[in-house]
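Protein chains: 2
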Amino acid sequence: MNRLYHYPLSPFSRKVRLTLAEKRIEVELVEERYWEKDPDFLRRNPAGKVPVLKMGNRMLAESGAICEYLEELHPDPPLLPKSPESRYEARRLVAWFDDKFYSEVTSRLMGERVFRKVMGTGYPDSANVKAGARAIKEHLDYMHWLLDQRRWLAGNEMTLADFAAAAHLSCLDYVSDVDWNRSETVKDWYAKIKSRPAFRSILADQVPGFPPPAHYADLDF
Amino acid sequence: MNRLYHYPLSPFSRKVRLTLAEKRIEVELVEERYWEKDPDFLRRNPAGKVPVLKMGNRMLAESGAICEYLEELHPDPPLLPKSPESRYEARRLVAWFDDKFYSEVTSRLMGERVFRKVMGTGYPDSANVKAGARAIKEHLDYMHWLLDQRRWLAGNEMTLADFAAAAHLSCLDYVSDVDWNRSETVKDWYAKIKSRPAFRSILADQVPGFPPPAHYADLDF
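Protein chains in written order, with the working numbering: chain X, 66 to 286; chain W, 66 to 286.
Do not rely on the hints blindly, as some may be mistaken.
Note that the list lumps identical chains together, so a pair holds whenever it fits in one copy or between two copies.
As the list claims (entries may be wrong) - Listed next, the in silico EDC-like pairs over lysine to aspartate or glutamate satisfying Cα-Cα at most 20 Å (straight line):
| id | residue 1 | residue 2 |
| --- | --- | --- |
| 1 | 165 | 206 |
| 2 | 119 | 150 |
| 3 | 88 | 283 |
| 4 | 88 | 222 |
| 5 | 252 | 206 |
| 6 | 102 | 141 |
| 7 | 102 | 285 |
| 8 | 119 | 105 |
| 9 | 88 | 141 |
| 10 | 257 | 213 |
| 11 | 202 | 101 |
| 12 | 102 | 169 |
| 13 | 147 | 137 |
| 14 | 195 | 244 |
| 15 | 165 | 103 |
| 16 | 88 | 150 |
| 17 | 102 | 203 |
| 18 | 165 | 101 |
| 19 | 102 | 164 |
| 20 | 88 | 137 |
| 21 | 147 | 136 |
| 22 | 257 | 285 |
| 23 | 102 | 137 |
| 24 | 202 | 164 |
Derived by calculation from the structure, the hints in this document are not laboratory data. This one's a predicted model, so the numbers in the text were calculated from it and none came from an experiment.
Chain X extracted, bound-state conformation (with noise of 0.2 Å):
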């Protein structure tokens, strides 16, 4: 049985997650509190981090590698659009997620709210809360912008450019981080990317000492 050690808000455990899900391929969930730096899981991943996957015998790390060598393995139903334009596309928006909207926004609204708090490395420094809080605006009024023209993040069809977007999103709304209200089009694309199958398990997840909000759940937020 594939296994995927993860940590529940974690984006880049989410991507994979829903990626996974999208291309039905079955997973054992195990939770990694990995900032324990337990020795086991250091082994698995020398880079110390979540999400690593469990595929016979080899361990995968990177969630952005583990992405496309899924999208390798089983194509269909497919993440990644035909051309190179289309693709360069997808995945020049996975990297503005997972790195630009991650440290200007997940790194300091969920790192300085909730990770500190898991972790017991002190209290939220506010000046980052709100430099976070800033620049999520933005983001919102760039995915606006690119969905105007667009029905998904990166073109037509869905890709993982959607999946990153999304699994960053769900963590910050898991905390009541987004402002819904900025812009119906990127709400509409949330709402539809939500009410997949993929994203259920997502839906479900608890996190001791953090209730997620009533909405978080609710396909008609």
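Take the given structure of chain X and dock chain W to it, following the hints.
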């Protein structure tokens, strides 16, 4: 004519330059002081980073997505192997260097000692420099361990992983931050990659105020 907006000591720019040169795609290099946030540059790439590749009338950003695109458009010579397993390993290592190595080593050593001076953002933080100097040793040991079992970092063929690693190490070598005596195996690998024609333009780089050491461009270092 294709055009690459880059900065000489940006490892992400160097990875794309190596890929372009290896695939013999001609490109005009335009140096971009991206931190000055020139409005023209921001219009080309809202993420405000280098490299940005202009091909025809398309503007391409995000070095990882650019390299995958170049690989799909110009598959010969290949920089990703054939099998999904080997492609995964190459992509995992690209992420290892561009993410983990960058944040633990490059951003600390180059960030504190070079970019603070170039960008005029104050004095180096010596704790950061020390942490970077410690971390590079572990990374060189990891590379030694990999290269002890394989001809190249991701397997027996040269891949994007070698270019990602060489891009970071060549930037650090420009400021004499790599101890080549730590591993004969890693030094041999670097000598091999350094002597490729694709590396020539990188060895000719000059940054005002930071003359490179004599060994930097020397193939027999």
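Among all the numbered hints in the text so far, which are the ones the structure does not match? Hint check: 3, 6, 7, 11, 23 fail, others pass.
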